[in-house]
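K.L.:
What follows is the residue order along each chain.
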Amino acid sequence: MFLKGEKIDFGYTAEKQVLNGVSLSLDKSETLSVVGASGCGKSTLLRIISGILPSAKDTWLNGQININGQTPDEYRKSGKLAFMFQEATLMPNLTVKENIAFPLKIKGIKDNERVTNLLYTVGLEDHSNKLPKELSGGMKTRVALARSFVTGPELLLLDEPFSALDIAWKSKLYIELEKLREQYHSTIIFVTHDVQEALILSNKIIVLGKNGTKLYEDIIESDLSIQERVNDISDYIKTPTYQNYFIPIQKWIMVDGTRAVTGREEVDRILNKISSVVENGNNVWSTYQSDINSIKEYTNVDSVNHLLVSAFRSSKSLDFKEYLMYHILNYKDLDADISREIFNFYYTNIETASADGCKWYQTTPEHLFRTVIKTRINGDRTKYPKEKLWIYLCDLYHSNETTKVLNYLNDVVEGKIEQLDYPFAKEVAQKVKGKIENEKLDAIHIA
Amino acid sequence: MKNWMLYILLSVLLLALWQYFGSHNQTVRLLISSPTLVVEYFAENTSELLVATKTTLVEAVSGLLIATAFSFVVMILCFYQPKVMDFVLPIMVTSQVIPIIVLAPFFIILLGMGIASKIAMAAVISFFPIFVSFAQGYKAINKNIHEFFYIYNAPLGFRIRKVYFPLAMPSIMSGLKVSATLATIGAIVAEFTGAEIGLGKNLFLSAIRLEPELMMTSLILSALSGGLLFSVIWVLEKNFGKWYAGD
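Heads up: the protein sequence lines correspond to chains P and B, in order.
First residue of the first sequence: 1, per our numbering; consecutive thereafter.
First residue of the second sequence: 1001, per our numbering; consecutive thereafter.
Calculated from the structure, these hints are not laboratory results.
One thing to keep in mind: the hints can contain errors.
[Said to hold, decoys possible] Only pairs whose alpha carbons sit at most 27 Å apart, straight line, appear in this in silico DSS-like list of lysine-lysine: (1) 1083/B - 80/P; (2) 140/P - 1139/B; (3) 107/P - 1143/B; (4) 1162/B - 130/P; (5) 1162/B - 107/P; (6) 1139/B - 133/P; (7) 1201/B - 1083/B; (8) 204/P - 80/P; (9) 1177/B - 105/P; (10) 1162/B - 210/P.
[Unchecked claim] Chain P residues, not near chain B, derived (Cβ > 10 Å throughout): (11) 185; (12) 213; (13) 228.
[As the list claims (entries may be wrong)] If we take Cβ atoms under 8 Å as the criterion, some of the chain B residues that face chain P in the derived model are: (14) 1138; (15) 1140; (16) 1142; (17) 1144; (18) 1145; (19) 1147; (20) 1148; (21) 1150; (22) 1151; (23) 1153; (24) 1154; (25) 1158; (26) 1167; (27) 1244.
Each residue gets a CB set at the ideal place from its N, CA and C atoms; glycine is no exception.
From just these sequences and the hints, can you work out the full model?
P.N.:
Listed below in structure tokens is the structure:
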């Protein structure tokens, strides 16, 4: 065993205990993810392993940590450890290249070739002489990632390094992280609050609870290697293996995060019910309306939506998918990928749903405007102020001015309307336009 | 219109007003003379005035350099012995309660009428802003940066040279700019209380002898000396502080 921690108790003061009997173990070249809600002690655990804690006189630590036969402090001094913080923590006075080379400079090593190779690996070869203030957030994280690997660390500790980045940057960085891990055979401990990220990047996972106890531990057994997972995230997150881990882990976090103790049993009951619908695919979704509302009162909306999105992806029942769809669409921070996925699902399944006897195939264009366009408004209010578009289209539709609606949609398709998220808006407009035109043709036929 | 054009216009206007009232009003002439008379006076006494300016500048620069070096030494001591900081900082703050100018006679008695007492005064008056700015700059360094160097086991000497000094540079430079002006003031005030040569002595004599031309030339040269010191630091910052310029 490369790293073994047994019954770790830690407190910042005698009264304030943060970790409570946490044990963990890790073999060489494995990646362990530590997930949990904010304030559960994930970062503290990482700082203990790195030897930063305990530091101040009031802090205390019980339990054993052994890294390759050494204590954390001995291991840190051996120089085989690297740490990547939540913020990039770059030296503002040094260029990209100098920042990457800085850990080598501390050790008195000059290795231009290694630094240049890392620059190429993280795709920053054209920015090597820029200062951090000239870089975007994603680029800064790339520099920090390259810097973490420059000493060829045996153990790399990552403290939510990608949490401030959008999904596009995250996907790129997952690939780069995996590439570098392969190259240097590093063992990684990855702290995150994002279960999806943990399931993509690790072989092992532990969930920490609010009071610093370990709630859950599992080995991620997947047919796909980490490299395959990061190369095709959208496929991986739809696999049954992913879903089998995601829902129980998210459930642990949600139940633990439930504020009232009495609410935990209720949340647990509802989550079990949702899991059973996802697995069995029955068609009694209307009975879940009150359950979902009730669960939102008990725990945070973010966790509920993570769970609903996962249930949406894995549910076998179209009817249940539709029910989930409306809940997900009401989520104000819905990301573009999910809204696109739901939209495409809607259009690809509309015929099947109709044959299944679902009611939602009768959805009017107005309904579509509300669900789809409003989703994007909610998705990023500041960037796409599109309430206007929705109100405009609904008003026109209600006043039966179909031609005007079509003209407007035409403008959207042709890219004449600013402020819209192209090509998504185009895609929506094109499809809504098609639907209205078909309705018109039907009306002519009937007439 | 650009700002610099406005400044030039304003200066020309003030000079014209000064010239007009200095030539037509006896009281104004006795108080602040007139530009033409000041220029004439400067032309007649150039060498004496420049020697006085040079003396004051040497005192101010020496004082500033001593203050900078001393604050760096104290700060490095604090890095090696953090408890020194807890001990030194309250003394520094308390010492500021004393109006430092009153120490000028003390330095004259201690170090004599020569430039040593003026340098001491300039050093004492400019030490505090540099030291406090440095301490603040160090304290503002992100906690993660400290942890980063702890993880890589970087020796303290390396951290002081490559991290603490460079990252505290914006604060140090702000302190130096304040101290540059203060050092000139310190040297001049010390010269008031007794000096063989210097702009402060000239200003003192101009009041006793009722020589407005001497007063105005010394005043202008004092302002230029302070401005020169400030500009040198500004140029230094332009060269060494590129990474934070524009923040």
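K.L.:
Look at each hint and say if it fits the structure.
P.N.:
Hint by hint, here is what the structure shows:
As the CA atoms of residue 1083/B and residue 80/P are separated by approximately 32 Å, the hinted pair breaks the 27 Å bound. Proximity of residue 140/P to residue 1139/B is assessed by CA-CA distance (about 23 Å); at most 27 Å being required, the pair is judged to hold. At most 27 Å may separate the alpha-carbon atoms for a hinted pair to count; residue 107/P and residue 1143/B meet this at roughly 21 Å. For the hint pairing residue 1162/B with residue 130/P, the CA-to-CA distance comes to about 19 Å; that is within 27 Å, so the pair holds.
Note on residue 1162/B and residue 107/P: the hinted pairing holds, with a Cα-Cα distance of about 13 Å set against a maximum of 27 Å. Of the supplied pair hints, the one linking residue 1139/B and residue 133/P holds, its CA atoms being roughly 21 Å apart against a limit of 27 Å. Straight-line distance between C-alpha atoms of residue 1201/B and residue 1083/B comes to about 43 Å, which puts the hinted pair past the 27 Å bound. With a CA separation close to 22 Å, the supplied pair residue 204/P and residue 80/P stays within the 27 Å bound.
Taken as a hint, the residue 1177/B and residue 105/P pair is broken in the structure, with Cα atoms around 32 Å apart against an allowance of 27 Å. Taking the CA atoms of residue 1162/B and residue 210/P, the gap is about 40 Å. The hint is violated against a cut of 27 Å. The claim that residue 185/P lies off the interface holds: its Cβ sits roughly 20 Å from the closest Cβ of chain B, which is beyond the 10 Å cut-off. Residue 213/P, annotated as away from the interface, keeps every beta carbon of chain B farther than 10 Å; the closest lies near 26 Å.
Distance check on residue 228/P: its Cβ is at least 32 Å (rounded) from any Cβ of chain B, clearing the 10 Å threshold; non-interface status holds. Nearest Cβ of chain P to the Cβ of residue 1138/B: about 15 Å, over the 8 Å cut. The hint is violated. For residue 1140/B, the suggested interface contact is broken, since its CB lies about 12 Å from the closest CB of chain P, more than 8 Å. Proximity of residue 1142/B to chain P holds as hinted, the smallest CB-CB distance being about 7 Å (cut-off 8 Å).
Given hint, residue 1144/B at the interface with chain P, holds; its Cβ is 4 Å from that chain's nearest Cβ, closer than 8 Å. The interface hint given for residue 1145/B holds, since its Cβ lies 6 Å from the closest Cβ of chain P, which is under the 8 Å cut-off. Checking residue 1147/B against chain P: minimum C-beta separation of about 5 Å stays under 8 Å; hint holds. Because the smallest distance between the Cβ of residue 1148/B and any Cβ of chain P comes to about 6 Å, under 8 Å, the interface hint for this residue holds.
With 8 Å as the threshold, the beta carbon of residue 1150/B comes within range of chain P, its nearest partner Cβ sitting at about 6 Å, so the hint holds. Given the 8 Å rule on beta carbons, the hint for residue 1151/B holds: about 5 Å separates it from the nearest Cβ of chain P. Residue-level restraint check for residue 1153/B holds (minimum Cβ-Cβ distance to chain P is 5 Å; threshold 8 Å). With 8 Å as the threshold, the beta carbon of residue 1154/B comes within range of chain P, its nearest partner Cβ sitting at about 5 Å, so the hint holds.
This hint holds: residue 1158/B has a C-beta 6 Å from the nearest C-beta of chain P, less than the 8 Å allowed. For residue 1167/B, the suggested interface contact is upheld, since its CB lies about 7 Å from the closest CB of chain P, less than 8 Å. About 7 Å separates the beta-carbon of residue 1244/B from the nearest beta-carbon of chain P, less than 8 Å, and the hint is met.
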